[in-house]
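Asker: Between the sequences and the hints, there should be enough to build the whole structure, so can you do that?
Each residue of the sequence shown is one higher than the one before, starting from 1 at the first, in the working numbering.
Read the hints as simulated data drawn from the structure, not as lab findings.
One thing to keep in mind: the hints can contain errors.
Restricting the straight-line Cα-Cα distance to at most 25 Å, the calculated cross-link-like pairs of lysine to any residue (SDA-like) are [unchecked claim]:
id	residue 1	residue 2
1	Lys-45	Thr-115
2	Lys-57	Asn-8
3	Lys-45	Gly-73
4	Lys-32	Lys-59
5	Lys-57	Asn-40
6	Lys-108	Gly-118
7	Lys-59	Asp-41
8	Lys-57	Ile-70
9	Lys-45	Pro-86
10	Lys-36	Gln-124
11	Lys-139	Asn-3
12	Lys-45	Pro-97
Pair by pair, the computed Cβ-Cβ distance ranges are [claimed, not checked]:
id	residue 1	residue 2	range
13	Gln-14	Glu-80	28 to 34 Å
14	Glu-56	Asn-8	20 to 26 Å
15	Gly-72	Phe-42	24 to 30 Å
16	Trp-98	Phe-42	36 to 42 Å
17	Glu-34	Ile-70	29 to 35 Å
18	Ser-12	Pro-86	25 to 31 Å
19	Asp-29	Asn-8	33 to 39 Å
20	His-64	Asp-109	28 to 34 Å
21	Gly-23	Ser-125	14 to 20 Å
22	Asp-7	Met-28	23 to 29 Å
Think of the CB as a built atom: it goes at the ideal place given N, C-alpha and C, for glycine as much as any other residue.
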Amino acid sequence: MLNIDFDNLNFSMQPIARQTEAGGGPYMDWLKMEIKVTENDFYGKVNWLVMPAEIEKFKNSLSHAYQVLIAGGGKINPFELSGVEPNFSMLITVANPWGHLFVQYTLKDSPDGPTLNGSFGIDQSYLPQWIADLEDLLKFPAQ
Numbered sequence: 001m002l003n004i005d006f007d008n009l010n011f012s013m014q015p016i017a018r019q020t021e022a023g024g025g026p027y028m029d030w031l032k033m034e035i036k037v038t039e040n041d042f043y044g045k046v047n048w049l050v051m052p053a054e055i056e057k058f059k060n061s062l063s064h065a066y067q068v069l070i071a072g073g074g075k076i077n078p079f080e081l082s083g084v085e086p087n088f089s090m091l092i093t094v095a096n097p098w099g100h101l102f103v104q105y106t107l108k109d110s111p112d113g114p115t116l117n118g119s120f121g122i123d124q125s126y127l128p129q130w131i132a133d134l135e136d137l138l139k140f141p142a143q
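Answerer: See the structure below:
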């Protein structure tokens, strides 16, 4: 599980099921995730189907950003965790070369349903745990 808990924000991404089909392939493997965000009096929860390859791509971008930041900075393009299913997205941009990051998230109940948008700032010290948590999510067993 990926969990972010500080100040008045609690964000969690919990795998609840994995659906795989015989024969493999990137479109035959899906993780069903429960995404929850609580910030002050705002609360949102959605279930999101995501392909492991989409999480892997985000994890790799996060790892790259961390390596650039600990090496003293450099150009890091914004990167996003999103997928084919539109229920959740998280965009990360670098606020400055000293390791501060800006995170924007969107939860949607359905493509044209209610939306919860929010943002928060973090520093690079959070990234190693996020990367490890994402690696654990990718190991979630098939059901």
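Asker: Each of the hints needs a verdict: does it hold here or not?
Answerer: Hint check results:
1. Lys-45 / Thr-115: 10 Å, holds
2. Lys-57 / Asn-8: 29 Å, violated
3. Lys-45 / Gly-73: 35 Å, violated
4. Lys-32 / Lys-59: 17 Å, holds
5. Lys-57 / Asn-40: Outside the cut-off at roughly 31 Å; violated.
6. Lys-108 / Gly-118: 12 Å, holds
7. Lys-59 / Asp-41: With a Cα-Cα distance of about 30 Å, the restraint between Lys-59 and Asp-41 is violated, given a limit of 25 Å.
8. Lys-57 / Ile-70: 20 Å, holds
9. Lys-45 / Pro-86: Since the Cα atoms of Lys-45 and Pro-86 sit roughly 14 Å apart, the hinted pair holds (cutoff 25 Å).
10. Lys-36 / Gln-124: 22 Å, holds
11. Lys-139 / Asn-3: With Cα atoms ~16 Å apart, Lys-139 and Asn-3 stay inside 25 Å; holds.
12. Lys-45 / Pro-97: Between Lys-45 and Pro-97 the Cα gap is close to 33 Å, so the pair fails against 25 Å, i.e. violated.
13. Gln-14 / Glu-80: 28 to 34 Å: Because 20 Å falls outside the window, the suggested range is violated.
14. Glu-56 / Asn-8: 20 to 26 Å: Because 31 Å falls outside the window, the suggested range is violated.
15. Gly-72 / Phe-42: 24 to 30 Å: Violated, at about 37 Å.
16. Trp-98 / Phe-42: 36 to 42 Å: Given about 29 Å between the Cβ atoms, the range is violated.
17. Glu-34 / Ile-70: 29 to 35 Å: 32 Å, holds
18. Ser-12 / Pro-86: 25 to 31 Å: Violated - the Cβ-Cβ distance for Ser-12 and Pro-86, about 20 Å, lies outside 25 to 31 Å.
19. Asp-29 / Asn-8: 33 to 39 Å: 36 Å, holds
20. His-64 / Asp-109: 28 to 34 Å: Once the Cβ atoms are compared, 32 Å apart, the range 28 to 34 Å for Asp-109 and His-64 holds.
21. Gly-23 / Ser-125: 14 to 20 Å: 42 Å, violated
22. Asp-7 / Met-28: 23 to 29 Å: Given about 40 Å between the Cβ atoms, the range is violated.
Checked against the numbered hints given earlier, the structure breaks hints 2, 3, 5, 7, 12, 13, 14, 15, 16, 18, 21 and 22 and satisfies all the rest.
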